[in-house]
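Asks: Spelled out from the first residue to the last, the chains are:
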Amino acid sequence: DAKTTQPTSMDCAEGRAANLPCNHSTISGNEYVYWYRQIHSQGPQYIIHGLKNNETNEMASLIITEDRKSSTLILPHATLRDTAVYYCIVRVEMNSGYSTLTFGKGTMLLVSP
Amino acid sequence: DAGVTQSPTHLIKTRGQHVTLRCSPISGHKSVSWYQQVLGQGPQFIFQYYEKEERGRGNFPDRFSARQFPNYSSELNVNALLLGDSALYLCASSPTGGLNYGYTFGSGTRLTVV
Chain Y
1 DAKTTQPTSM
11 DCAEGRAANL
21 PCNHSTISGN
31 EYVYWYRQIH
41 SQGPQYIIHG
51 LKNNETNEMA
61 SLIITEDRKS
71 STLILPHATL
81 RDTAVYYCIV
91 RVEMNSGYST
101 LTFGKGTMLL
111 VSP
Chain X
114 DAGVTQSPTH
124 LIKTRGQHVT
134 LRCSPISGHK
144 SVSWYQQVLG
154 QGPQFIFQYY
164 EKEERGRGNF
174 PDRFSARQFP
184 NYSSELNVNA
194 LLLGDSALYL
204 CASSPTGGLN
214 YGYTFGSGTR
224 LTVV
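First to last, the protein sequences are chains Y and X. When the count follows my numbering, it moves up by one through the first sequence with no breaks and lands on 113 for the last residue. When the count follows my numbering, it moves up by one through the second sequence with no breaks and lands on 227 for the last residue.
Hints listed in this document are in silico derivations from the structure and should not be mistaken for laboratory results. Take the hints with a grain of salt, since some may be wrong.
As the list claims (entries may be wrong) - Rough simulated footprint, nothing fancy, chain Y against chain X, three-plus residues with beta-carbon under 8 Å:
1. 150-164
2. 168-181
3. 219-227
All C-beta atoms in this analysis are idealised placements derived from N, C-alpha and C, irrespective of residue type, glycine included.
Looking at chain Y on its own, in the form it has when it is part of the complex:
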């Protein structure tokens, strides 16, 4: 499994951009980077995923470096409701052809007024 490294915690002021880094130096060429978040006492929520190119959706942007060894999740205008644990995950392909998610401890993002 390609391992990911994330800071334990980060702070962000409401209305500012939150930039969450992730290192995945052992990622393979065909492995995707996925981001999920988990708000307290809820199940994880899918945010975004990408392979090589930068991606953007209504929730966030994903910036992947050219060597694919790291990525950054960007929440452009953080709100208090974005306070959550954010997980950076590299897709693991099982022998059966199906995939699972290997979660680390994630980054606890605290958005303050």
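Mind docking chain X on chain Y? Use the hints.
Replies: Just chain X, lined up with the frame of chain Y:
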């Protein structure tokens, strides 16, 4: 549309007992995965089922078992409960089991073993 539904939401069991947790995936989703989340840790993969067949299993003892029914709902069974089995058990559904569509998680079942 209803999301992923898990029942019960909370459960207290005694060591040595067994427990059955239930999951109903999103309508049209044929794959269900189970995860265990111990307090302070990220979720850990237990099982994945697709079209009623086990497609993958994580590093969990044989006390853990699961099955998927013709309507694609699923049960997770844990026998001979230990204190360390206390956790949030999460069910995730996806259309096919691959990750290209992302997974949708339920809110989980909080199991406490005393």
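Asks: Taking the hints in turn, state whether each one holds.
Replies: Each hint tested on the structure:
1. 150-164: holds (count 8)
2. 168-181: Satisfied; 3 residues make the cut.
3. 219-227: Coverage by chain Y holds here, the residue count being 3 at a Cβ distance below 8 Å.
Hint compliance for this structure: no hint is broken.
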